[in-house]
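A.B. asks: Based on the sequences and whatever the hints tell you, model everything.
If you read the sequences in order, they're chains A and B. Using the numbering used here, read the first sequence as starting at 1 and increasing by one per residue. Using the numbering used here, read the second sequence as starting at 1001 and increasing by one per residue.
Accuracy of the hints is not assured; some may be wrong.
[Claimed, not checked] Pairs of lysine to aspartate or glutamate residues, derived as DMTMM-like cross-links and limited to a Cα-Cα distance of at most 20 Å, are as follows:
hint : chain 1 : residue 1 : chain 2 : residue 2
1    : B       : K1072     : A       : D56
2    : A       : K41       : A       : D61
3    : A       : K41       : A       : D56
4    : A       : K65       : A       : D47
5    : A       : K41       : B       : E1054
6    : B       : K1072     : A       : D47
7    : A       : K65       : A       : E169
[Claimed, not checked] Covered by chain B, per the in silico footprint, the following chain A stretches (three or more residues, Cβ under 8 Å):
hint : stretch
8    : 8-18
9    : 133-147
Calculated from the structure, these hints are not laboratory results. For each residue, glycine too, the CB sits at the ideal point set by N, CA and C.
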Amino acid sequence: MKHPARKIALAVGALFVAFAVLLASQVHVSPSFKGGRLLSKPVPTFDLPSLTGGPDVRSDDLQGKVVLVNFWNSWCIPCQQEHAALSAFYARHHADGDFEMVGIVRDDTASAARAWVRAHHDGWSFVTDPQGQTSVAFGTTGQPESYMIAANGIVVGVQRSAVSVDDLEKMLAVAKSSA
Amino acid sequence: MSPRVRVWLPWAFLGVVLAVVLVVVVVSSQPSNSPTARANRLAHELRCPTCESEAVANSQAPAAVAIRVEIKRRIAAGESDAEIRAAVVKSYTQYVLLLPDGHGIGMIVWGAPIAVLLLGAGGLAIALRRWSQQPRLAATAADEELVARARSEE
Chain A
1 MKHPARKIAL AVGALFVAFA VLLASQVHVS PSFKGGRLLS KPVPTFDLPS
51 LTGGPDVRSD DLQGKVVLVN FWNSWCIPCQ QEHAALSAFY ARHHADGDFE
101 MVGIVRDDTA SAARAWVRAH HDGWSFVTDP QGQTSVAFGT TGQPESYMIA
151 ANGIVVGVQR SAVSVDDLEK MLAVAKSSA
Chain B
1001 MSPRVRVWLP WAFLGVVLAV VLVVVVVSSQ PSNSPTARAN RLAHELRCPT
1051 CESEAVANSQ APAAVAIRVE IKRRIAAGES DAEIRAAVVK SYTQYVLLLP
1101 DGHGIGMIVW GAPIAVLLLG AGGLAIALRR WSQQPRLAAT AADEELVARA
1151 RSEE
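C.D. replies: In structure tokens form, the structure reads like this:
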């Protein structure tokens, strides 16, 4: 090799330029969280205290049932907007026997959430997540977020915005077909 | 003292000084392993999932607060930093890591500067060796004659 130092310098320069191009191409790319990895994965285990004074709700006790987990709170407007859909969906399916609905309070005081539930006479289970452990385990970034869990414990539907009855029926159909 | 020893002694001394400095720097920069220090370090390594490129440590967003609480809970439960990192990544994907890991594009981000450094050092070493092998400037007979003539004319 006649000029090894020159070739190395060229290689260094080329690497430097490639690296600069790589970084420059990412300048306007704003990282954003596109959703967790829960879809098609086992639901995280949880054991949460009831909001309304009933027994604790444990994920293990829900095995064998289709479960809709809904993260919500009393002050979020989309949560209030989806409430009618949740109520209608629950009224349609609560007698199915193999179906449960669990509302997990996220980023709210227990007293405010409890007042909301009592005012709306909701019949499904409501629990608090005092340390936010379950909300982190689900990878939540806000509320409302809904997770449909099939009877085999696999998450088959995730929605990170207010749900409609149609959304819930579609997720339920997937849950029932995958069991 | 032999000339050989006289040449190598300063280099040996320099090597010892560098080794001592290196040891002092490495020892003094060992991170604290107290639970608080670990929690703080991890919170700085993780991205708040609902913020714009902000560490969990610096955000008051509910998700960041919940992750900080989760980090402390897992430390208290005896989990290692790697286990805690893996648990948060399981919930929020690799996106949550502010420091790139050693896979995919992260490998390029970590590897490219090291490759450039190694190649640069190699190139410098080769260049220095070549320069040292080049004959030093020496006066030719014509130069000597020129100087002698200039002196005789003074």
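A.B. asks: Now, for every hint given, state plainly whether the structure supports it.
C.D. replies: Going through the hints against the structure:
{"no.": "1", "hint": "B:K1072 to A:D56", "verdict": "24 Å, violated"}
{"no.": "2", "hint": "A:K41 to A:D61", "verdict": "18 Å, holds"}
{"no.": "3", "hint": "A:K41 to A:D56", "verdict": "24 Å, violated"}
{"no.": "4", "hint": "A:K65 to A:D47", "verdict": "16 Å, holds"}
{"no.": "5", "hint": "A:K41 to B:E1054", "verdict": "28 Å, violated"}
{"no.": "6", "hint": "B:K1072 to A:D47", "verdict": "19 Å, holds"}
{"no.": "7", "hint": "A:K65 to A:E169", "verdict": "16 Å, holds"}
{"no.": "8", "hint": "8-18", "verdict": "holds (count 7)"}
{"no.": "9", "hint": "133-147", "verdict": "holds (count 9)"}
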